[in-house]
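Novice: Knowing the structure of chain F, use the given hints to seat chain D on it.
As given, the protein sequences belong to chains F and D, one line each in that order. Just so we're aligned, residue 1 is where the first sequence starts under the working numbering, counting upward by one. Just so we're aligned, residue 1 is where the second sequence starts under the working numbering, counting upward by one.
Derived by calculation from the structure, the hints in this document are not laboratory data. Just so we're clear, the structure is a prediction, and the values are computed from it rather than from any experiment. Among the hints, a few may not be true.
Here are the simulated distance ranges between beta carbons [as the list claims (entries may be wrong)]:
{"#": "1", "chain 1": "F", "residue 1": "261", "chain 2": "D", "residue 2": "71", "range": "39 to 45 Å"}
{"#": "2", "chain 1": "D", "residue 1": "18", "chain 2": "F", "residue 2": "329", "range": "30 to 36 Å"}
{"#": "3", "chain 1": "F", "residue 1": "3", "chain 2": "D", "residue 2": "80", "range": "54 to 60 Å"}
{"#": "4", "chain 1": "D", "residue 1": "89", "chain 2": "F", "residue 2": "198", "range": "54 to 60 Å"}
{"#": "5", "chain 1": "F", "residue 1": "385", "chain 2": "D", "residue 2": "71", "range": "31 to 37 Å"}
{"#": "6", "chain 1": "D", "residue 1": "61", "chain 2": "F", "residue 2": "381", "range": "44 to 50 Å"}
{"#": "7", "chain 1": "D", "residue 1": "18", "chain 2": "F", "residue 2": "300", "range": "26 to 32 Å"}
{"#": "8", "chain 1": "F", "residue 1": "204", "chain 2": "D", "residue 2": "65", "range": "45 to 51 Å"}
{"#": "9", "chain 1": "D", "residue 1": "33", "chain 2": "F", "residue 2": "209", "range": "39 to 45 Å"}
{"#": "10", "chain 1": "D", "residue 1": "35", "chain 2": "F", "residue 2": "296", "range": "26 to 32 Å"}
{"#": "11", "chain 1": "D", "residue 1": "38", "chain 2": "F", "residue 2": "354", "range": "34 to 40 Å"}
Don't be surprised by glycine CBs; every beta carbon is placed ideally from N, CA and C.
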Amino acid sequence: MAEIRMPSLGAEMEEGTVLEWYVKPGDRVEHGQLVALLDTEKAEIEMESFETGWIDALLVQTGETVAVGTPMATVRSEAKASAVAASDASPTSKSHDEPPPATGGRVRATPLARRIARERGIALESISGSGPNGAIVEADIMAAGTPEPAVISDVANSSKEMSTASPSRRSGTAAGQLDRAARRRQVIAAAMERSKREIPHYYLTTSIELTSTLAWLEKANLGRPISKRLLFPALLVKAVANAARRFPQLNGHWIDGAHQPSDAVHVGMVVSLRTGGIVVPTLRDADSRPLDDVMGQLQDVVTRARTGRLRSAELSDATLALTSLGEDGVETIYGVIYPPQVSILGFGAIHSEVRAEGDLLGTRSILRATLAADHRASDGQEGSRFLMGIARQLADPENL
Amino acid sequence: MTKTTKMPETQNADALREILYELILDVAPDLTRDDLAPDVDLRYDLGLDSIDSLNIANGIAERIGLEIPEIDRTSLRNVQALLDYILEHPVATT
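Extracted from the complex, chain F is given alone in its bound form (with noise of 0.2 Å):
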């Protein structure tokens, strides 16, 4: 009989704990199929099943943690399945290949997100959902519910996705959430700490002037309908992208006490989930796509992650990771490396700065870029040429 694992999302992953079965002994799975919400040391991920066929029993329980390679499920071939089924696991349990009830008018909602609506005393007609079909799911209620403290942010998570914008998705009770969030903040807090133990980060910071490029982006909006609009941010992708292709040494991983440089250049972008938070989807092969390419993935996948439909297959490992607070955030950001990554790039908002060209004075707009790099895999020059790369890159948006 064929098994689904704890799938292995990373080198740093360890184990996983089953948050909810989205199926249960006897339901229909295909391959592809999203089978459960699962919290990793990372993240929060909808995984999915590898194998086609019936779910024949499940093997761990809802809040169980197993080790990555851990049985999971038993999936037989043919339709009779057994009766065995893990005993809490079903009450929670849903199916993604039928949309749930919705009958009289009753609102779509699986059955846990409706007993924490009803725990919390918040009215499911209140809330959209992310689930199938515009079905509530337990995020959902989890975000628009009870206000909580940003229990994880300004912290440079893993290039792992999660499904939802919630940091807290829990077991429902009060207790189990501050479980749930003390124990994401030690997630979060474990990983920074190996961060600034093991990486010695060296930091460079320098100001790009943009304002030419500004100019070229607003005119090259201007004849696009809003559906093929350029952002910024897909302009700082690529210009990272293409610049960190030249400079190995910032762009890979190390692992074993050694350097691998990555051929591929693989963007981790850090995306805010205004639930608290983070979560960092990769943009695959930055370097080689057209711009508009990334633009369209880069809006795909921030939009997705932060309305819970991000999976764990569209994710992969990043090689270096991109973060920024906004339009009207921060001027300088220093960022934190996640391990194995060897640098992440900090890019303060866009601001005006007063300049001298020649002998007059002039509004200029300007970015404040910060590399944080590994001292292990890159020297401070290596660094500051590809900080100057992708001034370079910037200034010339039409070759991006």
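Specialist: Same frame as chain F, now just chain D:
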């Protein structure tokens, strides 16, 4: 008549405001209606970024038929400003 709004439902501000709420909550399902006071700054107060803003503008184009130019989009920072802008720019259907 040479100028009318594209959809009947956009003919009054209340209906239009409802559409805007729906569009914004589609883009930001973590927000609720209560977050969207007319003068709340979508970017500064609610944390919507340029991609969210572009998605809302795209929704306006699809639902109402109004393509907000990029230079205007970046200056429309709250529900009231969006509403006023749409009312000031009826979509010609001739």
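Novice: Does the beta carbon distance between residue 89 (chain D) and residue 198 (chain F) stay inside 54 to 60 Å, or does it fall outside?
Specialist: Once the Cβ atoms are compared, 55 Å apart, the range 54 to 60 Å for residue 198 (chain F) and residue 89 (chain D) holds.
Novice: Falls inside 54 to 60 Å, the C-beta gap from residue 3 (chain F) to residue 80 (chain D)?
Specialist: About 56 Å separates the Cβ atoms of residue 3 (chain F) and residue 80 (chain D), which means 54 to 60 Å holds.
Novice: Take a look at whether the Cβ-Cβ distance between residue 261 (chain F) and residue 71 (chain D) falls inside 39 to 45 Å.
Specialist: This hint holds: roughly 42 Å between Cβ atoms.
Novice: Does 31 to 37 Å hold as the CB distance between residue 385 (chain F) and residue 71 (chain D), or does it fail?
Specialist: Because 35 Å falls inside the window, the suggested range holds.
Novice: Is the hinted range of 44 to 50 Å satisfied by the C-beta distance from residue 61 (chain D) to residue 381 (chain F)?
Specialist: For residue 381 (chain F) against residue 61 (chain D), whose Cβ atoms are near 48 Å apart, the range 44 to 50 Å holds.
Novice: With 30 to 36 Å as the target window, see if residue 18 (chain D) and residue 329 (chain F) comply at their CB atoms.
Specialist: holds, 31 Å
Novice: Do residue 33 (chain D) and residue 209 (chain F) keep their Cβ atoms within the hinted range of 39 to 45 Å?
Specialist: holds, 42 Å
Novice: Measuring from beta carbon to beta carbon, are residue 204 (chain F) and residue 65 (chain D) in 45 to 51 Å?
Specialist: About 48 Å separates the Cβ atoms of residue 204 (chain F) and residue 65 (chain D), which means 45 to 51 Å holds.
Novice: Could you see if the CB distance from residue 35 (chain D) to residue 296 (chain F) stays within 26 to 32 Å?
Specialist: For residue 35 (chain D) and residue 296 (chain F) the Cβ distance comes to about 29 Å; the hint holds.
Novice: Is the hinted range of 34 to 40 Å satisfied by the C-beta distance from residue 38 (chain D) to residue 354 (chain F)?
Specialist: Since the Cβ atoms of residue 38 (chain D) and residue 354 (chain F) sit about 36 Å apart, the hinted range of 34 to 40 Å holds.
Novice: How does the Cβ-Cβ distance of residue 18 (chain D) and residue 300 (chain F) compare with 26 to 32 Å: does it lie in that range?
Specialist: For residue 300 (chain F) against residue 18 (chain D), whose Cβ atoms are near 27 Å apart, the range 26 to 32 Å holds.
The structure shown violates none of the earlier numbered hints.
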